[in-house]
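**Student:** The lines below spell out each chain.
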Amino acid sequence: MDWAKAKNILIVVFLTLNIFLLAYGSMHRPQNVNSNEGVVSVLEILQKRGITISEDYELPKYNKRTPMLIMENYVINRKDVLSFLFGKNEDFDLIKAIDKSLEDDKIKSYADGSKHIEFTGVGSFVYVDEDATIKIEEFNIEKDSLQDKQIIKGFRKLFLNMNIDVSSFILDRVKTNDDGSYTFVFVENYKNYLVFDNRAKITVFNSGIKAIDFSISKIDGFSKSSSPIMPAHLVLLKNFYTLANSEQNDAGIIICSIDIGFKGFDDKIDENTPNTESTVQSPSWRVISKDGREMYFKAYDGEEIK
Amino acid sequence: MFFNKSHFKSLILAVLVISSFVQIGILWYNQNHSFPFNFLKVFSRVIEDRTEVMEKARKEIYKPYRLTVSNGNASHWLIEENSELKYELFKEVNEYLKDIFNTSGGIALDSNLWSELIIKKGILVEFKTQIKTDLLKWFLNNQKGAKVEFDSIYKILMVPDEDINNNNTIYLLTSKGLYKYVIPFGKDRLSRKDYSNIISSLELNRYLPVYKMFKEANPNNVISYPIPSDALCMISSSSYIRLPTIEYNVETETVDIEKAAAAVLGNEKESYDRYIEKNALVFKNINNIYRLYNDGLLEYKYVPGAESGQKGSISDAFINAYFFINRIKDAFIDAENGIYISKIKDDNPDYYEFVFDYMAGDYPVYINFDEKGNDNKPLKNAITIKANSKRIIECTWYIINIQKSRILRNYNIRFQDLLNGLVRRYGKEAMESYNIRNTTIAYVIDNGRNKSFSPVWIVENPEGEYYYVSLDEK
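Chains A and B, in that order, are what the protein sequence lines are.
Just so we're aligned, residue 1 is where the first sequence starts under the working numbering, counting upward by one.
Just so we're aligned, residue 307 is where the second sequence starts under the working numbering, counting upward by one.
Mixed in with the good hints, there may be bad ones.
[Stated by the list, open to error] Sample of chain B residues facing chain A (criterion: CB under 10 Å; computed from the structure): (1) S325; (2) S326; (3) Q329; (4) I332; (5) R580; (6) Y581; (7) E583; (8) K590; (9) I747; (10) V750.
[Unchecked claim] For each label pair, taking beta carbons as the anchor points, the in silico distance ranges come out as: (11) A:T133 <-> B:E574: 47 to 53 Å; (12) A:K218 <-> B:W334: 32 to 38 Å; (13) B:W334 <-> A:E58: 28 to 34 Å; (14) B:Y531 <-> A:K306: 47 to 53 Å; (15) B:W334 <-> A:I170: 34 to 40 Å; (16) B:E700 <-> A:S257: 38 to 44 Å; (17) A:R65 <-> B:S711: 47 to 53 Å; (18) B:W334 <-> A:S167: 51 to 57 Å.
Hint data in this document are derived by calculation from the structure and do not stem from the laboratory.
Every value quoted in this text rests on a predicted model; they were computed, and no experiment measured them.
Where a beta carbon is used, it is the ideal one built from N, C-alpha and C, also for glycine.
Let the hints inform the model, and build the full structure from the sequences given.
**Tutor:** This is the structure in structure tokens:
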């Protein structure tokens, strides 16, 4: 075989192939929607409509193919919750409290004095205590000197007393309320994604617990397949561009936080949640505006979760 | 330095090969991890083109519920599903139907004449329910036709020999009564002689069961039950036909959630969250919820509900319904499982309701569950879809795969025996007062523990309720 001649032919063939691939690739190269220029253009358009990003905040550039999150029910032990939150009450009798039914999961609500609790699901409850009788030492500091680490320590201690593992929750934000109380909002962080439905809102007054709004599901992991997502700036363009013309936007909207995570649709359209064994949620963007509004958008298609 | 030309060429070649692989890899990644060249889609079995799906709808759904041929001498043959003749004759009838829609001008007749007409030599095409003319025009791809006097057609009778000139005669049993049309035999169509030859060949075929119409079987009104005059019956003492039993299985029982999502949601699957319940998979987004039960029931709801002003034409609504049916049927049901339109409701201002049922060969499959789904509602049809020109509003579908047994058994279909069976089961009084609209051999799938279902004989009233009796095996 004339190897020299064969090489010449192969060189010609591969050269032709390379030229073809180069031409084909440049014709079909996807628009780099996440390039700096692209992002800047979108933000300029939004700015003209009164939508701005807070000066001290940088828009996330996250644009990876993202899987869905698989979760299953986390069953809170209601006895532990009741014992801790009501145990110090004089007349509290745990047996009486659950005596209404043979099975624990039938307990929906319980009240005693200034305290009231309602179990809204197998892994969620809402607790209110007007007198804020349960004190958590780590919450006993004036706002200006509140340290994140201290708050988280107090939070974990609180839930450890109820035998609920919140070790992967992080402090999301702190709100100051008009009556001088603070609301700490914690959200679970799973592998750098926020799981928005796994959250705790704790309202504290003079280091006493005034309210707890808690919800948790157990995370199994990610789905095997991933899909492309809509980057943050395009989600803003899709949803806020038209909003800018509405009456709600007389003063403009300032976006102060956008985070990627997971959130489910509102379950109020389906009453069948007790039968749900596991859930697979698609990724979502959370947008928080300076006026405190929280909005969620599905990341695969940019649709708002209302 | 000694310049080795050969080595240089090898180096160039190596660089070019590596570069080719790199470029293909980049294209592969950018094209969603599939082969970069689209020409391979020509070999794909997936029907993506909208026009193709609409053609498929016409072919799959627009079929006669029953097609019989008569020699005008008290012999009628039920033309079977797998017979080429059935489609040849149906195609002919449709050509005349197109002529009728293009020209109109029929003569209205007294509906009572129908019982005299159906015993004539001719071809009788029956639908299970009145089919709206607008939908028929869409099926015939003839939407621009003239307006006709009626708004739906139930049965079509073609009588080739009636007219003395070279014309065919078509009778339509419609929502507004009976109409007659006289239309010349078309150039590319079957001639009068062709029809006679077809009938002769049926007469010569000894293996085909031969029926009478009830009118012919009961000329002196000895049988007093209100059986329709065009009910097919056998009256001789050895009236047996060979029929299979049927079984069914539920494909969705062990389906993988991703496969189910792709089948049910199509290209929109990423916009849905999934919920795994004890007995169902749920797909939900802000406006839509699908629930796919392990026992094969699929429920869909468009949460905002039907919006007014979106009803649109029946053909647009039907297209929406069929696109949905086609996607799911392709994923879960074998191609040979037929479905037919068993009812169309047009009494809601915001949507149409289409009801489909399964066919096992030539005979319909009736579904009869007292309780299904979370609401434990009765389930009496295979598919019920509410749709308008914009979307599907609601759907309930019992997704099953029906198989016919290979072994055929002989079943007695002697008319008198069938009637006696019904009387024994339901009582004479009940039979005498039952308003019978349709009689047929069929299969009934119900709550019973049977895995295998034998054929039955059904008499059905206009409301879709029925009495039935099992056929006796020889």
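**Student:** What are the numbers of the hints the structure violates, in ascending order?
**Tutor:** 9, 10, 14, 18
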